[in-house]
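Peer 1: If you want the building blocks of each chain, they are given just below.
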Amino acid sequence: MKESPYWNPRHETMPRDQIEALQVRKLKNLVAWAEAKVPWQAARLKAAGVTADSIKSLKDLRRIPMMTRDEWMQAQLDKPPFGPLLAAPEEVAVRYHLTSGTTGRIPLQVLDSMKDWEWIAEMWCYGFWGFGVRPADIVFFAFSYGTFVGFWGAHYASEKIGCLVLPGGNMTTEARVKQIVSMKATVVCSTPTYALRMAQEAKTMGVDLAGSSVKRLILSGEPAGSIPATKRLIEEEWGAKAADTAGMTEVGTIMIFECEKQPGGTHIIEDHYIEEVVDPETGEPVGYGELGERLITSFGRGFIPVLRYRTRDLVIRVPASGCTCGRTFDLYEGGIRGRVDDMKLVRGTNVYPRAVEAIVREYKEIDEFRIHLYTADGRQDEIEVLVEIPERDGVNADRIVSELAKSLSQAHEGLRFGCKQVEKGSLPRFELKAKRLQDDRIVIGTAGERRVTA
Amino acid sequence: MKNAMGVELSESERTLVESYLGLVRVLKDGKDLAPFERRNAMKAVAALWQVVNGLDLDPGNLYEIGV
Numbered sequence: 001m002k003e004s005p006y007w008n009p010r011h012e013t014m015p016r017d018q019i020e021a022l023q024v025r026k027l028k029n030l031v032a033w034a035e036a037k038v039p040w041q042a043a044r045l046k047a048a049g050v051t052a053d054s055i056k057s058l059k060d061l062r063r064i065p066m067m068t069r070d071e072w073m074q075a076q077l078d079k080p081p082f083g084p085l086l087a088a089p090e091e092v093a094v095r096y097h098l099t100s101g102t103t104g105r106i107p108l109q110v111l112d113s114m115k116d117w118e119w120i121a122e123m124w125c126y127g128f129w130g131f132g133v134r135p136a137d138i139v140f141f142a143f144s145y146g147t148f149v150g151f152w153g154a155h156y157a158s159e160k161i162g163c164l165v166l167p168g169g170n171m172t173t174e175a176r177v178k179q180i181v182s183m184k185a186t187v188v189c190s191t192p193t194y195a196l197r198m199a200q201e202a203k204t205m206g207v208d209l210a211g212s213s214v215k216r217l218i219l220s221g222e223p224a225g226s227i228p229a230t231k232r233l234i235e236e237e238w239g240a241k242a243a244d245t246a247g248m249t250e251v252g253t254i255m256i257f258e259c260e261k262q263p264g265g266t267h268i269i270e271d272h273y274i275e276e277v278v279d280p281e282t283g284e285p286v287g288y289g290e291l292g293e294r295l296i297t298s299f300g301r302g303f304i305p306v307l308r309y310r311t312r313d314l315v316i317r318v319p320a321s322g323c324t325c326g327r328t329f330d331l332y333e334g335g336i337r338g339r340v341d342d343m344k345l346v347r348g349t350n351v352y353p354r355a356v357e358a359i360v361r362e363y364k365e366i367d368e369f370r371i372h373l374y375t376a377d378g379r380q381d382e383i384e385v386l387v388e389i390p391e392r393d394g395v396n397a398d399r400i401v402s403e404l405a406k407s408l409s410q411a412h413e414g415l416r417f418g419c420k421q422v423e424k425g426s427l428p429r430f431e432l433k434a435k436r437l438q439d440d441r442i443v444i445g446t447a448g449e450r451r452v453t454a
Numbered sequence: 455m456k457n458a459m460g461v462e463l464s465e466s467e468r469t470l471v472e473s474y475l476g477l478v479r480v481l482k483d484g485k486d487l488a489p490f491e492r493r494n495a496m497k498a499v500a501a502l503w504q505v506v507n508g509l510d511l512d513p514g515n516l517y518e519i520g521v
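Top to bottom, those sequences are chains A and B.
Residue numbering for the first sequence follows my numbering, beginning at 1 and increasing consecutively.
Residue numbering for the second sequence follows my numbering, beginning at 455 and increasing consecutively.
Quick caveat, the hints were computed from the structure, so don't treat them as lab data.
The structure presented is a predicted model; accordingly, all values stated were derived computationally and were not measured.
All residues carry an ideal CB built from backbone N, CA and C; glycine is no exception.
There may be inaccurate statements among the hints.
Sample of chain B residues facing chain A (criterion: CB under 7 angstroms; computed from the structure) [claimed, not checked]:
no., residue
1, Ala498
2, Ala500
3, Trp503
4, Gln504
5, Tyr517
One-sided and incomplete, this derived list gives chain B residues near chain A with beta-carbon spacing under 8 angstroms [said to hold, decoys possible]:
no., residue
6, Lys456
7, Ala458
8, Glu462
9, Ser466
10, Leu487
11, Pro489
12, Glu491
13, Ala495
14, Met496
15, Leu511
16, Gly520
17, Val521
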């Protein structure tokens with residue numbers, strides 16, 4: 001029997017009307033589950049007059065209230081640590097993960113059961129298989145294997161597919177490059193920024209990556225995987241094909257992936273999610289080809305039902321016919337194109353300026369500050385926080401700067417913050433709306449192709 | 455056996471579904487399972503749930519049996 005290019009051939013090539021029928025059925029089940037198991041969700045649904053029985057078509061989805069990250073965070077604060085969002089007892093969980101919060105030190109925290117965790121890997125399988133990864137592949141993960149969910153699901157997806165997995169956590173860039181070459185890895189998983197960093201390190205080491213065994217790169221964590229110039233640069237330096245993927249801690253895994261045809265966009269895994277694209281101001285749906293905010297409804301993780309979650313990601317949805325792979329799953333042309341809010345992605349980690357500010361303000365000795373994003377060595381995203389600490393008796397500025405860097409890193413999954421003291425009065429002061437974030441990151445590749453919102 | 459979309463399942467698919475249902479039944483009813491039996495069966499059910507779900511049989515959730 002000929003090997004299928006699809007992980008789930010029946011679903012991935014289903015006619016659109018059948019995909020919608022499947023989604024309506026799963027939506028009814030999800031609403032019934034949330035009503036029965038999560039009083040917090042049940043109250044929201046009841047207030048909107050939504051019951052499982054009242055879901056007849058995808059149009060009924062719009063009657064379900066949108067859920068925001070702020071609501072999620074507030075729910076966690078009201079009932080720590082997970083908020084009233086769990087549909088199952090905590091004892092059933094086998095996994096705990098988190099992502100940096102929108103405010104202060106409190107992260108967004110999630111739990112998964114055995115079944116949920118297996119499903120998380122299943123979603124990555126759609127992407128890996130769809131991009132041509134097969135059991136004979138040797139997959140290297142340039143990933144820190146911490147509480148940030150990142151490539152965890154991808155690791156287990158690779159095992160599920162039958163690949164040999166090289167878990168490259170806790171290694172220097174040099175050691176990673178050496179292992180990729182010596183173990184003849186055929187697939188490398190990393191953020192786009194780190195793929196370039198490894199390529200740079202390889203050059204320094206005199207290693208010809210383009211001549212190595214690597215045939216595929218699977219990128220995640222930053223939008224650059226779908227930015228043509230960046231992707232071209234990565235592909236040239238590695239002599240390999242690169243695919244974009246995107247996921248989020250709130251659903252635990254990826255929801256979009258680029259297939260082997262590389263259509264300049266990412267397929268939505270529509271048998272496991274409903275993705276809507278709306279005007280971020282009005283919440284009204286926008287049509288194919290129009291920029292809007294994506295909302296996600298996930299059928300996978302039953303532990304924390306997610307209904308119409310506002311992602312704040314900006315996307316342009318186009319029909320599946322935009323790709324020649326035969327999938328009937330629609331695409332996000334150009335992947336994730338930017339953000340509605342002020343969140344910044346730095347080396348795959350979410351950074352909210354207001355969360356940074358909340359931590360900086362814990363140090364009363366700091367008079368003023370600025371968050372500065374820049375590109376080091378022409379390719380690596382860096383973040384630094386510049387602070388003014390006036391000289392006062394008993395104030396040890398060096399200690400404060402050091403502690404601040406540690407606190408910020410701890411609140412952001414270990415992301416390195418370069419905190420520096422600057423001269424008193426050198427930072428701008430604001431009377432009205434303060435603008436304490438300066439993003440000086442440069443375009444990688446052709447000017448203008450970096451589409452991350454400023 | 456047909457799935458929720460009205461598609462007839464193949465013999466191999468039916469066997470996988472029956473394996474899943476059999477394991478769920480054992481985990482619900484089996485009081486005398488040794489740790490190695492129960493925990494390995496739970497892992498198998500978590501994996502087979504993906505198959506049953508992918509075949510459109512609405513397998514629900516499995517938290518009541520610890521999966």
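Peer 1: Provide an ascending list of the numbers of those earlier hints which the structure does not satisfy.
Peer 2: 1, 6, 8, 9, 10, 11, 12, 13 and 15
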